[in-house]
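Student: From first to last, the protein sequence lines are chains A and B. Residues 2 to 144 (our numbering) are what the first sequence spells out, left to right. Residues 3 to 552 (our numbering) are what the second sequence spells out, left to right.
No wet-lab data here; the hints were simulated from the structure. Treat the hints with caution; some may be incorrect.
[Said to hold, decoys possible] Here are the simulated DSSO-like cross-link-like pairs (lysine-lysine), alpha carbons at most 27 angstroms apart as the crow flies:
| no. | chain 1 | residue 1 | chain 2 | residue 2 |
| --- | --- | --- | --- | --- |
| 1 | A | K80 | B | K535 |
| 2 | B | K237 | B | K147 |
| 3 | B | K105 | A | K4 |
| 4 | B | K147 | B | K21 |
| 5 | A | K4 | B | K322 |
| 6 | A | K92 | A | K58 |
| 7 | B | K522 | B | K535 |
| 8 | A | K4 | B | K13 |
| 9 | A | K58 | B | K535 |
| 10 | B | K55 | B | K120 |
| 11 | B | K120 | B | K426 |
| 12 | B | K105 | B | K147 |
| 13 | B | K344 | B | K120 |
| 14 | B | K136 | B | K61 |
| 15 | B | K535 | B | K426 |
None of the values given here were measured: they were computed from a predicted structure.
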Amino acid sequence: MRKNGFARHALIETLHTVQSSFGFLDDEAIRFVALSLRVPLSQAYGVATFYHYFTLKPPGRHTCTVCAGTACYIKGADKLIAAAEQRLGIKQGQTTPDGNISLMVARCVGACSRAPVALSDGEVVGEVTREQVLEQLERWAAE
Amino acid sequence: MTIEELEQIAKSVQQENEKYDYEINVCMDLACASQGAGAIKDALEQAAGSCGKKVCVRKTGCMGPCSHGPLVRVDACDDPEDTLYHHVKAENAEAIVKSLGEKPVAELQCDLSGHFDKQVRVVLENAGYIDPEKIDDYIARDGYKALLTVLTEMTPSGVIHRITESGLRGRGGGGYPTGLKWGTVAKAAGDVKYVVCNGDEGDPGAFMDRSVMEGDPHRVIEGMAIAAYAVGANKGFIYVRAEYPVAVSRLTTALREARRHGLLGNNICNTPFSFDVEIRLGAGAFVCGEETALIASIEGQRGTPRPRPPYPASSGLWGKPTLINNVETYANIAPIVRNGGKWFFNMGSERSKGTKVFALTGKISNTGLVEVPMGIKLREIIEDIGGGVPGGHTFKAVQTGGPSGGCIPSEMLDVGVSYDALLKMGSIMGSGGMIVMDDTSCMVNVARFFIEFCMTESCGKCIPCRAGTAQMFTLLTRICTGTGTMDDLALLEDLCTTVKETSLCGLGQTAPNPVLSTLKYFRTEYIEHIANKRCPAGVCNMEAALEVVA
Numbered sequence: 002m003r004k005n006g007f008a009r010h011a012l013i014e015t016l017h018t019v020q021s022s023f024g025f026l027d028d029e030a031i032r033f034v035a036l037s038l039r040v041p042l043s044q045a046y047g048v049a050t051f052y053h054y055f056t057l058k059p060p061g062r063h064t065c066t067v068c069a070g071t072a073c074y075i076k077g078a079d080k081l082i083a084a085a086e087q088r089l090g091i092k093q094g095q096t097t098p099d100g101n102i103s104l105m106v107a108r109c110v111g112a113c114s115r116a117p118v119a120l121s122d123g124e125v126v127g128e129v130t131r132e133q134v135l136e137q138l139e140r141w142a143a144e
Numbered sequence: 003m004t005i006e007e008l009e010q011i012a013k014s015v016q017q018e019n020e021k022y023d024y025e026i027n028v029c030m031d032l033a034c035a036s037q038g039a040g041a042i043k044d045a046l047e048q049a050a051g052s053c054g055k056k057v058c059v060r061k062t063g064c065m066g067p068c069s070h071g072p073l074v075r076v077d078a079c080d081d082p083e084d085t086l087y088h089h090v091k092a093e094n095a096e097a098i099v100k101s102l103g104e105k106p107v108a109e110l111q112c113d114l115s116g117h118f119d120k121q122v123r124v125v126l127e128n129a130g131y132i133d134p135e136k137i138d139d140y141i142a143r144d145g146y147k148a149l150l151t152v153l154t155e156m157t158p159s160g161v162i163h164r165i166t167e168s169g170l171r172g173r174g175g176g177g178y179p180t181g182l183k184w185g186t187v188a189k190a191a192g193d194v195k196y197v198v199c200n201g202d203e204g205d206p207g208a209f210m211d212r213s214v215m216e217g218d219p220h221r222v223i224e225g226m227a228i229a230a231y232a233v234g235a236n237k238g239f240i241y242v243r244a245e246y247p248v249a250v251s252r253l254t255t256a257l258r259e260a261r262r263h264g265l266l267g268n269n270i271c272n273t274p275f276s277f278d279v280e281i282r283l284g285a286g287a288f289v290c291g292e293e294t295a296l297i298a299s300i301e302g303q304r305g306t307p308r309p310r311p312p313y314p315a316s317s318g319l320w321g322k323p324t325l326i327n328n329v330e331t332y333a334n335i336a337p338i339v340r341n342g343g344k345w346f347f348n349m350g351s352e353r354s355k356g357t358k359v360f361a362l363t364g365k366i367s368n369t370g371l372v373e374v375p376m377g378i379k380l381r382e383i384i385e386d387i388g389g390g391v392p393g394g395h396t397f398k399a400v401q402t403g404g405p406s407g408g409c410i411p412s413e414m415l416d417v418g419v420s421y422d423a424l425l426k427m428g429s430i431m432g433s434g435g436m437i438v439m440d441d442t443s444c445m446v447n448v449a450r451f452f453i454e455f456c457m458t459e460s461c462g463k464c465i466p467c468r469a470g471t472a473q474m475f476t477l478l479t480r481i482c483t484g485t486g487t488m489d490d491l492a493l494l495e496d497l498c499t500t501v502k503e504t505s506l507c508g509l510g511q512t513a514p515n516p517v518l519s520t521l522k523y524f525r526t527e528y529i530e531h532i533a534n535k536r537c538p539a540g541v542c543n544m545e546a547a548l549e550v551v552a
């Protein structure tokens, strides 16, 4: 916040910093940011919920993100998501009850030439297969 | 920094390069990096260090044909022909270094002359040739020369005249004449003006802007600085998606280096002109590609659009006149200034000038980034440059313009690519995503995918878009599961027109395009889904419908 001179318009930047430090935005963090930047709480909460990138729930220890951009969709990303959902017993955007794995769906990570793409803990894996996704989930589950 | 100093830097880079007999360029763009390009570069450096030859190993931005990655290109000083290696692995490093000066490694060599021959590289001229994190590399390839020429020799109106003369149109999708836009902002009253670069590449399936920002960030900054001088702005913002962390870090480095060299900041090049740029992060909202929503987002608000006029050119960021252009538009500026407006005007088709970068993806052999002159036939892009549809499948449609565009069938492939021709076919140029589909793709399902995208991305401000896309999604889902009726189809068409005509911003106005274009060209597929409960491509699951019948 200091880097941006406590400017009100740097709200999104500030929320990015908070999320990259803590992994998610909780009520306390949003309150603190709103108070420090002197923006209404409603605006801070509105921004935090409007943008898909911000999450109000803590993520799991591992995150499996499947890209569902057009190129990935054409190449069967929906089947990857369905397989992962079935294996973990959760829906996309959720975290397993033990807090181990989060299953996320990305809009597009810009690696369309290698579609379908998945990110395991942020690392891009191109031309990913159903087996590869399930194998990675097994590995995490066994940890 | 003066022109002489710039030339001095260029000369010293050249002298440095002349010390080496061979340059090995390793593509470190996302697609290649995700296949271990980093390890390949390390292995090459190690092998080069101990081989006794004069070799320099460099990391570069995207070389283009991503499906052949990881890519390595060897440039020998005594041979004008480059050698391009594809599917390189770290263990090949020794062999590549050993082959320098001798015969190339045959099993890795890749011949893509058909892929490159029809391309014309303006925006991507440096991609694959410079290290994006070294400003000196950019300067050595005529970088920042245009900016200094503009500052010392041209008037703002002269710059605008040159851009107008070039016939450049906005590369973000709409195709608004760039010179006209600059002129409007320059004429707008007010001391404080802003220049904004739209790097919120929200179109899923497109990555041109990412590659430009990552592979040649200085080009964008130079374009913005020239624009700022022309319209009289002192402050710029680059709005980048948070999903592109590499682009953000490359731009941050580039801005720091440009400031250090006195190419940004106060009194650039000892002239009265001062300009600096800040990076602003998006946070995953497609609608923020719309200019008024983007402005709201930079101001730290929710990214919802507002009705226009007033256009941002007269009242934009914090109510001040604001120039907003796309990444690729800014990337075209420096070459136009260097080579003159006529040079650019002579490329391309009648009403669409210059070149366009496309991200070629989907069911096609050579996926990756291509830059072609406007007016080139779609067939040439797909068959010659893209290498056609692999696996014995047949081509069905090509989707351009992302969720705002449409699907173009094979009958229309001989049409030349231009803003107007694509619009006439029910699609749009868009930012340049081009997704090829073959006979295993169901067009109804694709339309449903895009409507689902628009439904979740709708900001919710105006009702036609918020409720309309949701209803369209329900109808399409019914058709896709075989429970739709012909009445649903009629309702869907009706709804498309309503949403198109009454939505507030570009997102809603173009959201029905994928449905309308597939209805226009692939109506039989819709009918087949409804009447015979059958998906011709075998994608949609019709079990629910068949149970009802049974």
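Student: Hints first: check each against the structure and report whether it holds.
Tutor: To see whether the hints hold, each was checked on the structure:
1. Only pairs whose Cα atoms come within 27 angstroms are accepted, and A:K80 paired with B:K535 is accepted, the gap being roughly 22 angstroms.
2. For the hint linking B:K237 to B:K147, the alpha-carbon distance of about 21 angstroms falls within 27 angstroms, and the restraint holds.
3. Taking the CA atoms of B:K105 and A:K4, the gap is about 54 angstroms. The hint is violated against a cut of 27 angstroms.
4. Between B:K147 and B:K21, the direct Cα distance comes to roughly 25 angstroms. Compliance with the 27 angstroms bound is thereby established for this hinted pair.
5. Under the criterion of a C-alpha separation no larger than 27 angstroms, the hint pairing A:K4 with B:K322 is consistent with the structure, at around 24 angstroms.
6. Distance check on the hinted pair: A:K92 and A:K58 sit about 15 angstroms apart at the alpha-carbon level, within 27 angstroms; holds.
7. In summary, the hint linking B:K522 to B:K535 is supported, as the alpha carbons are separated by about 20 angstroms, within the 27 angstroms threshold.
8. Taking the CA atoms of A:K4 and B:K13, the gap is about 37 angstroms. The hint is violated against a cut of 27 angstroms.
9. Of the pairs offered as hints, the one joining A:K58 and B:K535 is violated, with about 41 angstroms between alpha carbons and a cut-off of 27 angstroms exceeded.
10. For the hint pairing B:K55 with B:K120, the CA-to-CA distance comes to about 35 angstroms; that exceeds 27 angstroms, so the pair is violated.
11. Distance check on the hinted pair: B:K120 and B:K426 sit about 25 angstroms apart at the alpha-carbon level, within 27 angstroms; holds.
12. Between B:K105 and B:K147 the CA atoms are separated by roughly 38 angstroms; this puts the pair beyond 27 angstroms, and the hint is violated.
13. At most 27 angstroms may separate the alpha-carbon atoms for a hinted pair to count; B:K344 and B:K120 meet this at roughly 21 angstroms.
14. A threshold of 27 angstroms between alpha carbons decides the hint, and for B:K136 with B:K61 the separation of about 10 angstroms falls inside it, so the pair holds.
15. Our distance criterion of 27 angstroms between C-alpha atoms is broken by B:K535 and B:K426, whose separation comes to about 32 angstroms.
The earlier numbered hints that this structure contradicts are 3, 8, 9, 10, 12 and 15.
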